[in-house]
Amino acid sequence: MKDIIGVLKTMVPLAAPFLYAAIGETFAQTSGVVNLGVEGIMLLSAFMAFYVALITGNLWLALLAAALIGLLMGLLMSLISVTLKAEQGISGIGLYLFGYGMSSLLFETVVGTVTTINGFQPVKIPVLGDIPILGPIFFQNSVPVYGAFLLVPFAWWLLNKTTLGLKIKSVGQNPAAADSLGINVDRIRYFSVCVGAILAGLAGATLSTAVVNLFQDNLTAGQGFIAVALVYFGGWSPWGVMGGAFLFSFVNSLQLWMQVLHVKISSDVAVMLPYLATIAALMFSVNRARQPAALNKPFERGES
Amino acid sequence: MQAKKTIGTASFSHRPVVDWSNIVLHLLLPLAGVGVALLIGALMLVILKANPVAAYAALVDGAAGSVSGITQSLVKATPLLLVGLGICIAFRANVINIGGEGQITLGAIAATWFPLTFSTWPGWILIPATLLLGFLAGAIWGFVPGILKARLNVNEILSTIMMNSIAQQFMYLLIRGPMMDPAGIAAGTFLAQSARIPEQATLPRLIPQTLLHAGAIVAVVLAVLVYFFLWRTTLGYRIRAVGLNPDASRYSGINVPFYQAFSMTLAGGFSGLAGAIEIMGVQHRLLDGITSGYGFTGIVAALLGGLHPLGLIPASILFGGLLVGANEMQRTVQVPSSLINAILGLVVLFVSGSALWSRRWSARRQMGKQEEEKS
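Protein chains in written order, with our numbering: chain A, 1 to 304; chain B, 1 to 375.
Do not rely on the hints blindly, as some may be mistaken.
What the hints assert, rightly or not - To give an idea of the chain B side of the interface with chain A (calculated C-beta under 7 Å), a few residues: (1) 43; (2) 46; (3) 48; (4) 51; (5) 94; (6) 96; (7) 162; (8) 172; (9) 339; (10) 344; (11) 348; (12) 349; (13) 352.
Because the hints were derived from the structure by calculation, they are not lab data. The beta carbon of each residue, even a glycine, is placed where N, CA and C say it ideally should be.
Here chain A stands alone, though its shape is the one from the complex (with noise of 0.2 Å):
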């Protein structure tokens, strides 16, 4: 009992950058990008976020250079892939690549070491905190892992409930028809793929300042990639991606528990797992007729 309560503890905030990226990527794919690059947005802005806590010891000032970080290659994304109509898996993978050679650089030239730092501290909600099992699980966490919850049903929201949000929707749909509605396609696109970067900023940021605290090279073996997995897992619902991230957390933090308590299975096999579990998911997503129309495409004026 108390290895599944340890487990499951992990899980939430494990399950934290994986829903700012995933979320983000919702965004930027239901307006029809694609956007590949989350991997490297989030490496490059969870070196940042931990070079800014080393140097500075702010740790909100690390958040916000790992959102500027987010949003200037989110900037960039768009140019390439709305603007100049790129093939958004390359683009995608050009952004990762450089986020990722990026992060290396500037930790091996102004780092160069691991060394972990003092990142955000557990914070004990009143009442809900003190509840038995429940408590410690999910209401003993860093603000930015309660922040990654509230992104949810705030994602759903303006994805759902508001005029913006009917936008985006409609440039991912039908592009053509948004056009000729007065929708600016480009605008709404540029705007949901930098609103995704900067998700993925704060993913990264979470990821080194509130869950391992630390950087080091290739910190997130993957997990940004495993986020854009989730959004099509999660058939384009910030609460279906939710389901998604949980899922996966629960997963790394069982192969963790797995390597901690020794139990007979090659760590190898455990690290897998993960891996697995997502070509799995992306096996069986059945909400694939939820995808936007125009996802992965680009749009051309007076292209029928």
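Following the hints, position chain B against chain A.
Then chain B, alone, in the frame of chain A:
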């Protein structure tokens, strides 16, 4: 106006006439992309308080300043060319293979296991058998995402990225377990690497005292073969047709999912072969970092080579040189070689971004031609 489908910088044309200005455009735009990326790299060096002139001088000197540099560049160009060929084939069928890393790993595992198991076989049979097995192992790793895309419409970019991580863990499992070097176990060092493959299974050196091995020739011959395969055979024609216009292909009776899965399998095979050649020609044993990121750099080379098997030859030599030069840069001016990764990312962004310009330019030229014909 006939819409021209363009992927990356490659345009699909039936005209047998060599269109030189088109070729020049397709050469210049990507090279300009590399140039701009290097300039931004220089800017980053300035910010990092390094001397960009000295750094790039070290890079060029390391890559092309000596026989050893040139041969090393060619050694690194070999796997890039092979991986890139696979990416070309897949891309022509409109499938994006990001799984090079995993496929190289599988090829390398197979090409280590086989000669170690059949270590008494003579080289003339061991070498081709090992190369073939490496190809097959990579092909299996490409087939899985291929069939998942064909049957269940699983996004191949995501599945291949996951397959990369699985392959890497699988390799760790082997070199920390059943395939660990018995000598390391006996000596108590427990290094995570396999034993050396037998001498007769290694590829012969082309120039004595250098690292250049026969794999380079294999790669170039295969590039020419892939060119003939894609443009002179029915199978190749269908692969290109599927990529060019899947709907039209379907109506004309081509089994689109089959050709996508098939091209992915071939792509995996070429990457697997790259892994096998890396073992047999360079490392001679399985160890961590065997892929050296070739699976990703191969994508960059393929894009820069215009997704054309023959364009890939100079492109992979260029990137092979960049990788060798980056190591020299790290050694002499202490600039981490990861700078090159960031620059490679920028190259991908710029090259994929410039496709629009080349497409519009081609369209404008074609319209101009039509008007000329009218008047």
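Hints, verified against the model:
1. 43: violated (12 Å)
2. 46: Where the cut-off is 7 Å and the nearest Cβ of chain A is about 13 Å from residue 46 of chain B, the hint is violated.
3. 48: holds (5 Å)
4. 51: violated (14 Å)
5. 94: violated (10 Å)
6. 96: Given a least distance of 5 Å, the restraint on residue 96 of chain B holds.
7. 162: holds (4 Å)
8. 172: holds (5 Å)
9. 339: holds (5 Å)
10. 344: Since the shortest Cβ distance to chain A is 5 Å, the answer is holds.
11. 348: OK, holds: residue 348 of chain B within 7 Å of chain A, min 3 Å.
12. 349: holds (4 Å)
13. 352: Holds. Min distance 4 Å.
Of the numbered hints stated above, those contradicted by the structure are hints 1, 2, 4 and 5, listed in ascending order.
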